[in-house]
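Given two chains presented individually in distinct reference frames, assemble the corresponding complex, making use of the accompanying hints.
Which chain is which? The protein sequence lines are A and B, in order. So in the working numbering, spot 424 of the first sequence is number 424, and the numbers just go up one at a time. So in the working numbering, spot 274 of the second sequence is number 274, and the numbers just go up one at a time.
Note that these hints are calculated values from the structure, not bench results. For each residue, glycine too, the CB sits at the ideal point set by N, CA and C. Careful: at least some of the hints might be erroneous.
Claimed, not checked - Sample of chain A residues lacking proximity to chain B, with all beta carbon distances greater than 10 Å (derived):
1) R14
2) L25
3) G27
4) R42
5) A46
6) E154
7) I196
8) F313
9) W363
Said to hold, decoys possible - What the simulated footprint calls covered on chain B by chain A, stretch by stretch (three residues with Cβ under 8 Å from a Cβ of chain A suffice, anywhere in the stretch; the number is not a length):
10) 82–94
11) 107–115
12) 237–246
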Amino acid sequence: MAALARFWSPFRLRLPGGRAAQLLLIGGYLAFTVGLLLLFPRSIIAFLLYLANLLLVFGARAVPGAWQAAIAVVETLVVFPAVAAGNPFFMGVGTTVAIYVALALGLNIVIGYAGLLDLGYVAFYASGAYLWAIFSTGKAAEFLPFLHGPLGGEWFWPFLVLGLLFAALMGVLLGIPVLRLHGDYLAIVTLGFGEIIRILAAGLNSITNGAVGLPGVGAPAIGGRTLGAAVDFYFITLVIVGLIVWVTIRLEGSRIGRAWAAIREDETAARAMGVPLTRAKLLAFACGASFAGMMGVIFAAKQSYVDPTSFTFMESIGVVSMIVLGGMGGIPGVALGAAIVTLLNIQVLGGISDFINSVGARWGIQIPPALNPSQYHQLVFGVILVLMAIWRPEGLIPARRRHVRADEEAEPATPAAAPGGEPA
Amino acid sequence: MSAAGGTAPRPAQEGAAGRAAGPVLEARGVSKRFGGLVAVERVDLAIAPGTVHSLIGPNGAGKTTLFNMITGIYRPDEGDILFRGRSVAGLPPEKVAERGISRTFQNVRLFKELTALENVLVGMHLHLRANFFDVVLHTPRVEAEERRARREARELLAAVGLGGLGDELAKNLPYGHQRRLEIARALAVRPALLLLDEPAAGMNPRETEAVMELIDGLRRERGLTILLIEHDMKVVMGISDVVTVLDHGAKIAEGPPDAIRRDPRVIEAYLGKAVER
Numbered sequence: 001m002a003a004l005a006r007f008w009s010p011f012r013l014r015l016p017g018g019r020a021a022q023l024l025l026i027g028g029y030l031a032f033t034v035g036l037l038l039l040f041p042r043s044i045i046a047f048l049l050y051l052a053n054l055l056l057v058f059g060a061r062a063v064p065g066a067w068q069a070a071i072a073v074v075e076t077l078v079v080f081p082a083v084a085a086g087n088p089f090f091m092g093v094g095t096t097v098a099i100y101v102a103l104a105l106g107l108n109i110v111i112g113y114a115g116l117l118d119l120g121y122v123a124f125y126a127s128g129a130y131l132w133a134i135f136s137t138g139k140a141a142e143f144l145p146f147l148h149g150p151l152g153g154e155w156f157w158p159f160l161v162l163g164l165l166f167a168a169l170m171g172v173l174l175g176i177p178v179l180r181l182h183g184d185y186l187a188i189v190t191l192g193f194g195e196i197i198r199i200l201a202a203g204l205n206s207i208t209n210g211a212v213g214l215p216g217v218g219a220p221a222i223g224g225r226t227l228g229a230a231v232d233f234y235f236i237t238l239v240i241v242g243l244i245v246w247v248t249i250r251l252e253g254s255r256i257g258r259a260w261a262a263i264r265e266d267e268t269a270a271r272a273m274g275v276p277l278t279r280a281k282l283l284a285f286a287c288g289a290s291f292a293g294m295m296g297v298i299f300a301a302k303q304s305y306v307d308p309t310s311f312t313f314m315e316s317i318g319v320v321s322m323i324v325l326g327g328m329g330g331i332p333g334v335a336l337g338a339a340i341v342t343l344l345n346i347q348v349l350g351g352i353s354d355f356i357n358s359v360g361a362r363w364g365i366q367i368p369p370a371l372n373p374s375q376y377h378q379l380v381f382g383v384i385l386v387l388m389a390i391w392r393p394e395g396l397i398p399a400r401r402r403h404v405r406a407d408e409e410a411e412p413a414t415p416a417a418a419p420g421g422e423p424a
Numbered sequence: 001m002s003a004a005g006g007t008a009p010r011p012a013q014e015g016a017a018g019r020a021a022g023p024v025l026e027a028r029g030v031s032k033r034f035g036g037l038v039a040v041e042r043v044d045l046a047i048a049p050g051t052v053h054s055l056i057g058p059n060g061a062g063k064t065t066l067f068n069m070i071t072g073i074y075r076p077d078e079g080d081i082l083f084r085g086r087s088v089a090g091l092p093p094e095k096v097a098e099r100g101i102s103r104t105f106q107n108v109r110l111f112k113e114l115t116a117l118e119n120v121l122v123g124m125h126l127h128l129r130a131n132f133f134d135v136v137l138h139t140p141r142v143e144a145e146e147r148r149a150r151r152e153a154r155e156l157l158a159a160v161g162l163g164g165l166g167d168e169l170a171k172n173l174p175y176g177h178q179r180r181l182e183i184a185r186a187l188a189v190r191p192a193l194l195l196l197d198e199p200a201a202g203m204n205p206r207e208t209e210a211v212m213e214l215i216d217g218l219r220r221e222r223g224l225t226i227l228l229i230e231h232d233m234k235v236v237m238g239i240s241d242v243v244t245v246l247d248h249g250a251k252i253a254e255g256p257p258d259a260i261r262r263d264p265r266v267i268e269a270y271l272g273k274a275v276e277r
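Next comes chain B alone, as it looks inside the complex (with noise of 0.2 Å):
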């Protein structure tokens, strides 16, 4: 609980010092509904360059929902989503990670039985070139592409922290290795725009406080602007410039971080609990 104790100030709003474009990614009036349930119901959401924007809400407001639909995996039942002014709603999934957006997931989806350097290898998928005859005839492009693919990915791991671990296999991580490696991976695809879906969870005050410092890390040093669901009050409120709050499908609130805290109907559904003292 030691270092835990106070939340590493972030340097406040450098990484949207240049925010003079309009937003990296719209939703305009985007809503989900599965059978009865509406699960998103028309949510705007405008997202600034090199930001950290946070989505909150208690469980079943429709955060995932709305990732989902921003990376294609759900299509939006009304409204658009637009990436760098270009409509992706209803693209398929590796059709939104080609226009730069990557994410991860809720509940670890590694891909198991591959090494943690091969999880990173299939991130970089996009930007590979070889096709199937040059890799049965193993041209020399090939050997060159697959060294410098295996450098960045073993760069990309040392970036999150898993430095010499290429060789494991995922399935074989800790958990909280597991969420890194999920994280380069998804960095492996070179995104604009970074989802993470509660890369906090379940993990400890330590780990919680080195993810954090990750996530800004990304931000700050890879001009990334990153969209985050978390439930964990400590790393909203450090690392977000944004928040926004879901509560049944619709938004009930947005601001910094400070505001949202003081906001009543915030308070209100979600956070009156979370927050106090």
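The shape of chain A in the complex, shown without the other chains (with noise of 0.2 Å):
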């Protein structure tokens, strides 16, 4: 009791113990959840308490940070598929718990970094999944004459690049009419975009099916062979995630993420020091569109099916929620949100409807549908951001932003002791 006091006592996550003892704790917990994975096989609690390894791989501070990052990722690409490989609903909801994770970076790049409120997000989203879906499944051919047909699956990996690249295009048109807007005004216009694009991809027929989709989208292949299956989207999504990590840290710690940070301060004086608004903004949404870009072409191969439902605002909304339930501005907390609310919306409380709709089964008593749990995912979602207002604003896992150290030579501390230029 008082080590789980400790635990969350601070309100920040840290193991107790020495090396040795987090590194046993770690490996304990991984055996208990692995047990958990293959005993219960459909069940997204033992999915839950699986993740929650991470959880404990980052609160291992006495773990030096190499060796943290190393076990997250046998963790993940390793011990989980080797698991659950052959489970299908496992490796799916891993992949879909992935996907959200990148488009909760993306966006977190344009929200928690330069500090502008996009609630159109989706749109970017759908920009990627449409583009894969519309050459794979050969209805570019119908009104583009140089093509014959549908590309094939080896064409998916350009068309991952060209995903980022169109979706980085469509940030950069959504940026440009917004550069003078903040806050509220910008919010409402990113979100009327977010619905232009749906209502472009539920009206356009000749070229998105409209409201009735594409179906038989393609799935990737490699000399021949088709990656159809559910782990093969694990491990590429997870790869792309890796990806976009990677660049998350490499730009906050840059010149491009203080330029960031600086608008989002004060844009007035961040220009008085010479950083150019425009590009730093068209480059904060590009970035963003481009994470969400590349996974709608994931996403698209992966469902094999895309219609305009896939993208609607409350789509939006749920990233935005992502991040700020996990912490905005840090990446292990909106990693964090991203996977809470991911399995909140699909299993969680589906799962807690067909437990309570089976022991009432069992006992002879037909529970009403509506006190049945899944019913108010929407609600509980709203008293979760309700409740994180009050008593968490800064998030599960509050953004330690990664500054730069002035490190390197001792330097005489002398706070005012010197002020400036050599006494006369």
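Here is the structure:
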């Protein structure tokens, strides 16, 4: 109990004990959750508990950073697939979580770093998804005379890059008209942009097939071998997520990340210091959008079906709430928020419903559908966000911005003692 | 109050020695109106290189408005502003900074959630070359550039008396340090002309004294030209080479501090109350 209290007391994730104890704890918990995965092959709770492994590794501060990273990579890329590769359910959930982690990291650049409230983020996701869907289903061949039929699975890889570029372009196109807007006004315009893209997708029958959607989106392939299994998508998505995390970390500590932070903190002062406002904002939009574009391509291939209902306003709001819940501006927090919200969205409440129903059935009690928890997921969502706003406005894992350290040579610590110029 | 008794005598015209060239900054008939209010009316201003030029006047005289026009925050309604002979009127602030004009703000406007060092590094933005791909690939060039930048930022912090405080969040620094940090950040732009908006506001006499020494040092050691808005007459009279007096948006007097002190128009408009002993 005391350990638990310490775990949460400063509201900062930190495991007790020395390095050996922490490694033992990590190993023990890993073994425990692997057992759960094997015992309950369709339990979202088992998945959730397995995911907590990463949190545990993150909290093991006595373990060197490189080890932490290595353990996390092994847990996601080796142990989990080894245990659950044959289980499409776990692999599918894992992929979905990873996709949303990527989306949240992308939006985090726009909102968390540059401070631009974007409520139409799903538009970029849709751009990537439709791009691949249109070309891989042969829809493109109907209006592009030089194409003959659908593109094969090998084209998936260049389309990952094309999806990135296309979404980045969309990001710039959205960015240009909203450069002068702030806060609420920016939010409203971006919200409108998201809706425009969705309505376009629903209305442009000749290109997107409208509300009917595009079935039969191609899966990726290498050398004639189709990579359409759940485990394939799991790996593809995680590699991209790793890439995105890498890029995000690099940007954060760079001249570009500092320019974003400066704009977020004080636009006027940033400009007076020579930070080019237009370029920095457009880069933030393009960057965030490009992550979503790539994920859109993967999403389309994974679902093998694309229609406008996947890209509603609620989807954008969902990604925003991931950031808010997890902790705006920090990579671990945003990833955690994405995982929690995604699981809440897709499974947890449904799982509880099923459980209640099965218990009810056993006792011969009919649970009225109005009391079914899965009906209330918007409500639960709202309650969580309100509670967070009250108790933890900075998120579950508050961002510890990667500050550039002054480091190196020991400097004479003479605050205010030496006021600039030599005394005359 | 002890040390503040007498204003440190400033080595008189040292900085002004080499002022052969024309003015660094020249405002020609600059005006700015906000609706019906004339904030600045046809003001001419010429700032000689290497001087400390002060802008004084009662509240609402148009001093900060003039600053904002020079630094591109406002576009003048009429007139022109020349910096080293080229017009900067109407340029966006980031372009003005690029030309070599940097400033501090009347109400401290630091990037609060960034460290002191990072604040200074933002000021160096124009002098760092790393682009998006350099950053993502983390080339050795970027690494070296960042290391150089950090070193320079530390030196700047030390130069304004904040040595060793680089890792403090700007918002956690005491007020006087925040003002110094703003100066360091402005210096990081490597300006030829530095605009200081009330650098001694809200400071006690000792801190004021230190800020004066700092400004004087900047001029002498870095060859900076400084345009200063200040209400503290001891500062103005102590370190200025030229003082320009604004009242109701118009220039009413200009000259060396001693002449300004005696100018009847100035006394009437402004100094009468402030300077009486």
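Quiz item: Do three or more residues from the segment 237–246 of chain B put their C-beta atoms closer than 8 Å to C-beta atoms of chain A?
Solution: violated (count 0)
Quiz prompt | Verdict on E154/A as a residue remote from chain B, using beta-carbon distances over 10 Å | solution = Check passes; 26 Å lies beyond 10 Å.
Self-check item: Verdict on R42/A as a residue remote from chain B, using beta-carbon distances over 10 Å
Solution: holds, 40 Å
Quiz prompt | 10 Å Cβ clearance of I196/A from chain B | solution = holds, 28 Å
Quiz item: Going by Cβ atoms, does A46/A stay more than 10 Å from chain B at every point?
Solution: holds, 37 Å
Quiz item: Taking a Cβ-to-Cβ distance below 8 Å as contact, does the segment 82–94 of chain B have at least three residues touching chain A?
Solution: Since three or more residues must qualify, the claim that chain A covers the segment 82–94 of chain B holds, with 3 doing so at under 8 Å.
Exercise. Measuring Cβ to Cβ, find out whether R14/A lies farther than 10 Å from everything in chain B.
Key: Fine: 21 Å to the nearest Cβ keeps R14/A off the interface.
Exercise. May I ask you to check that W363/A keeps its beta-carbon over 10 Å from the closest beta-carbon of chain B?
Key: W363/A clear of chain B: closest Cβ-Cβ about 55 Å, beyond 10 Å.
Quiz item: Far enough from chain B: is every CB of that chain over 10 Å from the CB of L25/A?
Solution: holds, 32 Å
Practice problem: May I ask you to check that G27/A keeps its beta-carbon over 10 Å from the closest beta-carbon of chain B? | Solution: holds, 33 Å
Practice problem: Quick one: work out the minimum CB distance from F313/A to chain B and report holds if it exceeds 10 Å, violated otherwise. | Solution: holds, 30 Å
Exercise. Check whether three or more residues of the segment 107–115 of chain B sit with their beta carbon closer than 8 Å to a beta carbon of chain A.
Key: With 7 residues close enough to chain A, the hint holds.
Of the numbered hints stated above, the single one contradicted by the structure is hint 12.
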